[in-house]
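Q: Here are the chains, one letter per residue:
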Amino acid sequence: MSSASTTAAAAPAQGRPRARGRHRDLRRFLLQRLGTGLVLCVGITLVAFVLTHVVPGDPAAANLGQRAIGDPAAVAAFRHQYGLDRPLPVQYVLYLKNLLHGNLGISEQSHRPVRADLAEYVPATIELALFAIVLSMVIGIGLGIVAAVFRDRWPDHLIRVLSLAGVSMPVFWIALVAFYLLFFKLGWLPGGGRLDPTQTAPTHLTGMFTVDAAVHGQWTLFWSALRHLLLPGLVLAIFTVGMLTRFTRASMLEIMGNDYVRAARLKGLPERVVILRHVLRPALVSIITVAGVAFGSLLSGTVLVENIFSWPGVGQYAYRSAVNLDLPAIMGVSLFVALVYIVVNLVVDLLYGVIDPRIRLS
Amino acid sequence: MTVPASAPLDPPDPVAAVARRRRLRPVTPAAWRRPLALTGLGVIGAWVVIAIFAPLIAPDNPLAQKFAILAPPSAAHWFGTDELGRDVFSRVLYGARITLPLAVILIIAAMIIGAVIGGIAGYFGGWVDNVLMRVADLVFAFPGIILALAIAAALGPQLRNAVIAVIFVSWPSYARLVRSLVLSARSAQYVVASRLLGASGPRILFTDIRPNAAGPVLVLAALDIGNAVLLLSGLSFLGLGAQPPTAEWGAMVAEGAQNFNDWWVGMFPGLAILTVVLAFNFIGDALRDMLDPRTARAVRNI
Chain A
57 MSSASTTAAA APAQGRPRAR GRHRDLRRFL LQRLGTGLVL CVGITLVAFV LTHVVPGDPA
117 AANLGQRAIG DPAAVAAFRH QYGLDRPLPV QYVLYLKNLL HGNLGISEQS HRPVRADLAE
177 YVPATIELAL FAIVLSMVIG IGLGIVAAVF RDRWPDHLIR VLSLAGVSMP VFWIALVAFY
237 LLFFKLGWLP GGGRLDPTQT APTHLTGMFT VDAAVHGQWT LFWSALRHLL LPGLVLAIFT
297 VGMLTRFTRA SMLEIMGNDY VRAARLKGLP ERVVILRHVL RPALVSIITV AGVAFGSLLS
357 GTVLVENIFS WPGVGQYAYR SAVNLDLPAI MGVSLFVALV YIVVNLVVDL LYGVIDPRIR
417 LS
Chain B
6 MTVPASAPLD PPDPVAAVAR RRRLRPVTPA AWRRPLALTG LGVIGAWVVI AIFAPLIAPD
66 NPLAQKFAIL APPSAAHWFG TDELGRDVFS RVLYGARITL PLAVILIIAA MIIGAVIGGI
126 AGYFGGWVDN VLMRVADLVF AFPGIILALA IAAALGPQLR NAVIAVIFVS WPSYARLVRS
186 LVLSARSAQY VVASRLLGAS GPRILFTDIR PNAAGPVLVL AALDIGNAVL LLSGLSFLGL
246 GAQPPTAEWG AMVAEGAQNF NDWWVGMFPG LAILTVVLAF NFIGDALRDM LDPRTARAVR
306 NI
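Residue numbers (my numbering), protein chains in the order written: chain A, 57 to 418; chain B, 6 to 307.
Treat the hints with care, since some could be wrong.
To spell it out: a stretch of chain B is covered by chain A in this simulated footprint if at least three of its residues, at any positions, have a beta carbon under 8 Å from a beta carbon of chain A; those stretches are [what the hints assert, rightly or not]: (1) 149–156; (2) 230–243; (3) 257–270.
So, partial list: chain A residues that the calculated Cβ filter (under 8 Å) puts toward chain B [as the list claims (entries may be wrong)]: (4) F134; (5) H136; (6) L238.
None of these hints come from the bench; they were simulated from the model.
C-beta: ideal position from N, C-alpha, C; glycine also.
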């Protein structure tokens, strides 16, 4: 990385220096981001590795079953096969080496490669989390704007209490209540799974059923997938809606105090333009940051929500692997989470540039 | 008193009246006078009373399996009975004895650990700062419950281990806040003066900076305690915290999930969690509004 940056810096500035500089900066910025992301990834594997090795359980016992565990030769063979007889640092390096080859190990509960498990569960969770984050950004930012505009009047008070309730809600409980009311009592929405039991998944493309069905024009499947998405998505979004509402309100109010907002009003701009262009747009920079954090908390929520709505995603998988002390699977989930974190941060950083040209240049 | 009744009354002075009212009512009311904060204090106070006097208030033993199973709410059992014939109302009341003290303990522990780490990182800077804060980032990057899940599972499903897990995922926000506070205090004149007088690093941290950092840290704790309650009860809900037959709210909601068509089993313990968390958040919110804007922003951005 350092050599790349020195050669770039040494290159004589010619032609259109500003445009070149911008590209170079962007590239360096992305490289830097990727670097920290990589460090984070390694760090997370390390944490997961250490964590899973203070575990009292014995993976050999978990894998071989009762009969084979009595046979010391079989146990030794198993331990050798998975490198469990080597010192811990060697095991870790071994794990990293396998990782670079895309080998995440074999899950001890499903006896399948962790990569295959993840490939199956990740799209379901991504679909759910994306749905929930879009929902909560639309509702949360909208409510936040309303609250800021009506500051200290009744809509503001109402929204303030509601958003506080949103972030105070135990998600597993509201999931249960929603399940009981909307599925069991009223039957408005399906109660679990990604499709009706009689339906088969749309042709695989992204693994996100709504997207796949829409791309292939399978509209009945699309509606079914969307209906199944609604209940868990809404429940998941409650917390993040509260979070985003509160934050939007606060940052809008902060910006409304600026002189340039007064100037915009004084020169006769319609209030709508003042709010949306002169207040919301600068506020969006910090709102986007919080939305990134919110996405992380959505992933937390999936662990609890997927269990209740039998949504076959990473959340359930994480729970099952943690309870069964399935080390390779836990590591795999951790890596997935780290990857999501990196991607989300990258997206947030790039969105900064879209929202605020000053950031793009500096 | 001495004015004769027949004397003409002074015409009311509108300016003086307004001024008097203003004096009595400051522009921004103190935190404890805001309705939300008052509600929060009242609710927490009520739960504390319930927790202390649970044996006197609760109609039944929370563990006694002596009633009809899954009976809906009635005059005899306000919140109905659960699948083992226990009185849900009594169990909810007793649940306060677990959640409230544990929430306080774990937030204090997280606060102390985070403050010490953040203080060291901020004061000494350099590679110490780098290492400590990267570790904090690492824990931060992880969705709380997934890390807590792994820790709780690794240590074994026990309430104590769930508390440890929650502490483990909670400290980084305090470390970040304290670090930023220390960084801004490090160049303040009172710290420079203290250093010139020959005070040692720990002395400066503990006697000079600590009182100034205490306020924001406590506000963060007030805001964070609700999250801690949610996380802890979430772990119990997943079966990694309190074990049966303990009357813990999260575990009780899990029992409700097993019997979801008997809504009262899970409904009331969940409401209990909601009221406690909401009350803490009301208080935390009001406290944060008391801070000066810059510190408030620092707390909000954690």
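Q: Take the hints in turn and mark each one as holding or not.
A: Cross-check of the supplied hints:
Only residues whose C-beta sits within less than 8 Å of a C-beta in chain A count toward coverage, and the region 149–156 of chain B has 6 of them, enough to reach three; the restraint holds. Taking a C-beta to C-beta cut-off of 8 Å, the region 230–243 of chain B contributes 6 residues in contact with chain A, enough for the three needed, and the coverage statement holds. Using a Cβ-Cβ cut-off of 8 Å, 7 residues of the region 257–270 of chain B lie near chain A, which meets the minimum of three, so the contact claim holds. A cut of 8 Å between beta carbons decides the hint on F134 (chain A): the least distance to chain B is about 21 Å, and the hint is violated.
Of the supplied interface hints, the one on H136 (chain A) is violated, with its beta-carbon coming no nearer than about 24 Å to a beta-carbon of chain B, more than 8 Å. Annotation: interface hint on L238 (chain A) violated; nearest CB of chain B at approximately 12 Å, more than 8 Å.
Against the hints set out earlier in the document, violations occur for numbers 4, 5 and 6.
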